[in-house]
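Chemist: Can you build the whole structure from these sequences, using the hints too?
Each residue of the sequence shown is one higher than the last, beginning at 1 in UniProt numbering.
In case anyone wonders, no lab produced these hints; they're calculated from the structure. In this text the structure is predicted, and so the values were computed from the model without any measurement. Cβ atoms here follow ideal geometry from the backbone N, Cα and C, with glycine treated the same way. Do not take every clue at face value.
Ranges of calculated distance between the beta carbons of each label pair, as one might list FRET restraints [said to hold, decoys possible]:
#	residue 1	residue 2	range
1	300	202	50 to 60 Å
2	49	199	49 to 59 Å
3	419	251	37 to 47 Å
4	251	131	35 to 45 Å
5	335	156	32 to 42 Å
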Amino acid sequence: MFHILTRPLTCGDKTYSCILRLTSSPEEDAIQMQPGSSETRVLFPHSNGDDLIIQVQNSKGQHCGHALVKVTAIAEPGDKIRWWPIYSSDLDDEPVGRIQLSMKYSSSPDENNNLKHGSIAETVAYDCALEVAMKVQHFQQRNLLLHGSWRWLVTEFASYYGVSKTYTNLRYLSYVMDVATPTKDCLTSVHDLLSDVKAKSTNLLSYQENCMLAKIEDQVKKTLASVFENYKSLEESALSGMVDCFRPASGTAAPALVPAVQLYALLYDILSPEAQLKLCKFFQVAAQKRLRMHCVEIDELVLTSNEGTQRDLSTSYQKMKSLILGLRNEILTDIEIHKQGILPSCIDLPTISSCVHSFNLCNRLRAFLVACPPRSLSPPVAELVIATTGFQQDLSLWNINPVKGGVDAKELFHSHITMWIQDKHRHLLDQCKLDKANWSGARTQDGTTPFVDDMHNQLTKMLDEFEIIISRWPVYTSDLENVVADVEKAIVEALDKNYGDVLSPLKDNLTNKILGFKYVHKLSRQGGNIYSVPNELGILFNSMKRMLDFLWPTIETRLMSWSSCIPDGYATGVRLQDEAAMLRTKFRSYRLAVVEKLAENTRVDGKTKLKKIIRGSKGKESVVPSRMQALEVLLLETIDHLHTVCDPTVFVELCRELWDRMGQDVLHLLEDKRKKAVSRCKCLRVAVSKLDDIFASEMQRLRGNLLKEKDLEPPQSMKEIHSML
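Modeler: Set out below in structure tokens:
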């Protein structure tokens with residue numbers, strides 16, 4: 001040690017102050033002295049290689065320069081008075097001033113120090129006694145405390161020979177730190193021993209004690225770093241205090257965390273930004289360590305993929321899902337630890353870990369999807385989508401702010417989702433081709449073609465498959481609606497092509513136009529054979545009706561329910577409604593053409609021609625029923641045949657449209673009012689009544705109570721006739 005006495009600075013009449021510090025001591029141990037005040041200070045250099053740094057400041061606290069005194073230059077015993085140059089920086093060759101120091105060097109403790117701390121011989125003796133006690137009581141990692149008579153003996157020895165409490169604590173700490181483990185009992189012991197020492201100023205400690213304290217603090221800091229960087233791998237029951245192998249987070253805080261935080265607060269000013277940042281970095285390192293352990297298998301998958309190795313994709317996706325769930329559990333555990341209030345308020349553990357996990361998980365997910373691209377929305381892929389969106393949603397539910405570059409499930413899967421929809425689009429359109437469609441010819445129980453139900457089932461399956469996507473991102477509803485609309489259009493076109501033979505007598509060369517009355521009237525005059533509705537046409541009509549009344553509305557309703565979550569600005573269902581309107585128009589035009597064909601059947605033979613029946617009655621009402629017998633037979637046969645080939649609802653529609661068409665013929669007869677108007681009206685009244693009876697009674701006979709009341713009411717043309725007659 002040496003004593004220092006300062007002399008005035010040779011820099012004019014200005015007032016200066018000096019700050020003295022040994023290079024081996026921390027900055028907080030620096031001593032301030034006033035030049036010329038004749039103050040005396042005692043310093044304890046670590047060794048002859050130590051240096052004394054003297055920083056000179058003016059009255060405003062501004063740095064003016066510094067002087068460097070090497071201990072080796074004053075190592076000889078005795079008083080020394082010297083002038084030392086002051087330099088403004090380490091690079092300057094010319095001094096800016098100088099300072100005079102009076103120094104006395106001594107290599108042994110002074111008398112007061114001996115009384116206060118005990119001599120070296122006594123501390124050595126104490127060390128020997130302590131070592132014997134530790135050996136007898138089997139001092140080791142999980143047996144750190146002396147007890148019984150040996151503890152009493154060591155305590156009494158120190159008291160009798162004047163060994164300070166500080167020295168005994170530090171010496172005991174030095175042994176503890178040599179076998180320290182990141183466990184609660186060890187860290188608690190260290191905290192209790194060190195807190196007594198830290199309660200005293202380092203200026204009151206001997207040189208030996210300061211050296212011991214510095215070494216112990218370094219060891220404690222390393223132990224604390226190990227605790228914080230492995231806080232989820234701590235295990236009290238393990239000899240080393242840590243688990244031997246990686247395992248999932250337990251969901252609870254390790255007991256060692258509490259004394260570890262107390263120790264950290266003892267060594268650092270926890271309110272300082274530097275200490276808070278240092279502690280935060282420990283937990284960042286901990287999260288990164290846990291992440292690396294979780295990602296071992298996934299990183300290997302990505303690496304081997306780049307090398308062209310084949311693997312079971314289902315297993316790969318399951319591992320990726322497990323990674324997401326594992327990292328979710330890590331954050332959930334951090335939330336539970338945070339709730340216990342163990343850590344300082346400056347440490348937001350869930351946010352720290354989620355930043356690390358979310359950012360790195362996003363990068364690994366992106367690399368994984370490149371290495372193992374999802375060709376379709378298969379069950380393993382769907383599970384990964386669910387897990388990824390769940391991870392993102394959980395962070396939001398836990399009030400953890402989104403991380404820049406963190407997991408964004410929609411952004412990660414968007415390109416794949418659009419590709420899946422496009423692939424499904426192409427596949428379904430391909431299934432509508434004539435050579436791919438199911439035209440088995442057999443009628444289903446609904447009297448429809450299997451093709452219609454097959455395609456509907458495929459569309460339904462597609463919606464089922466993409467429901468996990470729509471339930472999370474409803475915006476994709478519009479893409480699916482376009483697929484459904486295109487497929488529905490392709491279904492109708494396929495039906496037209498497949499049933500072209502039975503449609504050609506109805507359409508001839510007319511395509512994509514609504515059949516008007518003039519056209520169908522012209523068409524009805526072509527040929528003289530009786531027209532009978534083919535079974536295939538019945539299947540077509542039944543299929544169209546089923547699509548309009550059941551299949552398409554089912555899909556549209558489902559899409560509309562999804563679209564309720566889409567922001568304003570998208571007109572959902574427009575394309576589906578357009579396709580339905582076109583099919584409804586086409587279906588009606590086909591029915592009208594068939595009805596016109598059936599009405600033409602009544603004009604092929606004079607016995608069934610309504611105009612000749614009325615004219616041949618010559619105004620005699622009584623002969624009208626007998627003259628209508630042939631027409632009645634023809635209509636009954638027609639109605640019965642329609643019932644065999646058509647769905648009940650299609651059957652009712654065709655019957656009522658034929659009924660209405662017969663009424664139109666009667667209306668044409670009523671236009672001639674100039675000749676025998678009265679007698680003809682009477683005959684027409686009988687004929688109209690007979691027609692109403694034929695259609696109503698036969699429909700009721702075939703359909704019974706299944707008919708609705710409105711189905712038996714006369715159609716519009718008949719109502720007009722009744723009002724005129």
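Chemist: Is 49 to 59 Å right for how far apart the beta carbons of residue 49 and residue 199 are?
Modeler: For residue 199 against residue 49, whose Cβ atoms are near 31 Å apart, the range 49 to 59 Å is violated.
Chemist: Using the beta carbons of residue 335 and residue 156, state whether their distance is inside 32 to 42 Å or not.
Modeler: violated, 51 Å
Chemist: Can you let me know if the beta-carbon spacing of residue 300 and residue 202 is within 50 to 60 Å?
Modeler: holds, 52 Å
Chemist: Does the hinted range 35 to 45 Å hold for residue 251 and residue 131 at CB?
Modeler: holds, 43 Å
Chemist: Are residue 419 and residue 251 spaced within 37 to 47 Å by their CB atoms?
Modeler: holds, 39 Å
Consistency with the previously given hints fails for numbers 2, 5, ordered from lowest to highest.
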